[in-house]
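The primary structure of each chain is shown beneath.
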Amino acid sequence: MTVRVLIFGELARELSCSEIAVDVPNPATVRDVNRALAAKFPAKEALFVSARLAVNHAFTAVDSPIQQSDEVALIELVGGG
Amino acid sequence: MTVRVLIFGELARELSCSEIAVDVPNPATVRDVNRALAAKFPAKEALFVSARLAVNHAFTAVDSPIQQSDEVALIELVGGG
Amino acid sequence: MNVAVHIVDGPLQDAIKCRGANELAQRTTNVGATIVFEGVVRALEGERRLDALEYQAYEPMASQILTALARDILAKHGLISITVEHSRGRVAVGERSFRLAVHSAHRKEGLAATDEFIDRMKCDVPIWKLPVYS
Amino acid sequence: MNVAVHIVDGPLQDAIKCRGANELAQRTTNVGATIVFEGVVRALEGERRLDALEYQAYEPMASQILTALARDILAKHGLISITVEHSRGRVAVGERSFRLAVHSAHRKEGLAATDEFIDRMKCDVPIWKLPVYS
Chain A
5 MTVRVLIFGE LARELSCSEI AVDVPNPATV RDVNRALAAK FPAKEALFVS
55 ARLAVNHAFT AVDSPIQQSD EVALIELVGG G
Chain B
5 MTVRVLIFGE LARELSCSEI AVDVPNPATV RDVNRALAAK FPAKEALFVS
55 ARLAVNHAFT AVDSPIQQSD EVALIELVGG G
Chain C
3 MNVAVHIVDG PLQDAIKCRG ANELAQRTTN VGATIVFEGV VRALEGERRL
53 DALEYQAYEP MASQILTALA RDILAKHGLI SITVEHSRGR VAVGERSFRL
103 AVHSAHRKEG LAATDEFIDR MKCDVPIWKL PVYS
Chain D
3 MNVAVHIVDG PLQDAIKCRG ANELAQRTTN VGATIVFEGV VRALEGERRL
53 DALEYQAYEP MASQILTALA RDILAKHGLI SITVEHSRGR VAVGERSFRL
103 AVHSAHRKEG LAATDEFIDR MKCDVPIWKL PVYS
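Residue numbers (my numbering), protein chains in the order written: chain A, 5 to 85; chain B, 5 to 85; chain C, 3 to 136; chain D, 3 to 136.
Derived by calculation from the structure, the hints in this document are not laboratory data. Accuracy of the hints is not assured; some may be wrong.
[As the list claims (entries may be wrong)] Calculated pairs, DSS-like style, for lysine-lysine (alpha carbon to alpha carbon, straight line, at most 27 Å):
id: 1; chain 1: D; residue 1: K110; chain 2: D; residue 2: K78
id: 2; chain 1: C; residue 1: K124; chain 2: C; residue 2: K110
id: 3; chain 1: C; residue 1: K124; chain 2: C; residue 2: K78
id: 4; chain 1: D; residue 1: K78; chain 2: D; residue 2: K124
id: 5; chain 1: C; residue 1: K110; chain 2: D; residue 2: K78
id: 6; chain 1: D; residue 1: K124; chain 2: C; residue 2: K110
id: 7; chain 1: C; residue 1: K110; chain 2: C; residue 2: K78
id: 8; chain 1: D; residue 1: K124; chain 2: D; residue 2: K110
id: 9; chain 1: C; residue 1: K110; chain 2: D; residue 2: K110
id: 10; chain 1: C; residue 1: K124; chain 2: A; residue 2: K48
id: 11; chain 1: C; residue 1: K78; chain 2: D; residue 2: K110
id: 12; chain 1: C; residue 1: K124; chain 2: D; residue 2: K110
id: 13; chain 1: D; residue 1: K124; chain 2: B; residue 2: K48
Use the sequences and the hints to build the structure in full.
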């Protein structure tokens, strides 16, 4: 299945987009999404393989299941304030 | 000679006065003033013998000389803020 | 619980602080210290001169995480209230993008809470800043 | 040096804070953090209920020591400015008797300076407070 991952900040500016679509097995976990992101952007593998993902607006354990309808967001490199 | 020592706060309220006159040798040092205060109020000896005194609005070493015309103030038990 | 969180478009204004600054202390006689921390956009980011920062907030998660953080800090430090304001969108150099107001019984817990709140905000709250260079 | 000290009769008002809060940050583009700490008179002193505190300041020594302390803290922590206001005379419960406003480039030095300033003020500045019980 295809999961869309929202991205923000410097990363979104650098990639010139605000979301990344990745293909993952079905069923899939948060960890599968991290791995699919890392595989899609080998130059950013270290960032993506360990990046914190929020699922439906909450930080989620890496072995949590992911549905296609979930809202997934990459919460990394934040710098509020 | 007689040296007048200004007092403030709870101490002034407790003693119902705003200054204490003490007799010290001439010449005298700050330490002599502390000792004279302690001798005058034996119940408060521990406080007075080590109390910080300001001379002419500055904290002063205990072996500094004191003149009769100096403005001496007991700066202890402060609690600003 | 006395926690309020506001995500505001553009720079923060004086208004809320001036209007409400002492109201709580006048009502609840246990307030002994109030701390207002404000973050201001600086002209230099590394070596380059900035015009502004552009803040992106991922809502409603940003407000939710700020609220959860404020509640946690309030309970942990035994505070009386926390109010948080954070800008989104463009904030020019010299303008304010963040304000944290803490009411507490004593100074020490208020200062410790302020420090911890900002540390944790920078780790966990999905708000990003992008430099707008001169 | 950007140090200002004011001994004020009675409780502190909002005025100075609201008027000047962001002026310095707008003028000098290096300000990244402003911290305003206010001390408020609490209703309880130990077990007894208060109406007010009566502050006695030994002048000009109080202003001189506050100024020396502010200069020392400014230099030690590399701050941009410090403004101090302290009441003398009667300040009722819920009213403010002390305000410290610090401008700094970053948060950490501003918070450390705030804490150290108040600790040292309580040791060294000849201002006394007397409880006025209900």
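Problem set entry | Contradicted hints - numbers only | none
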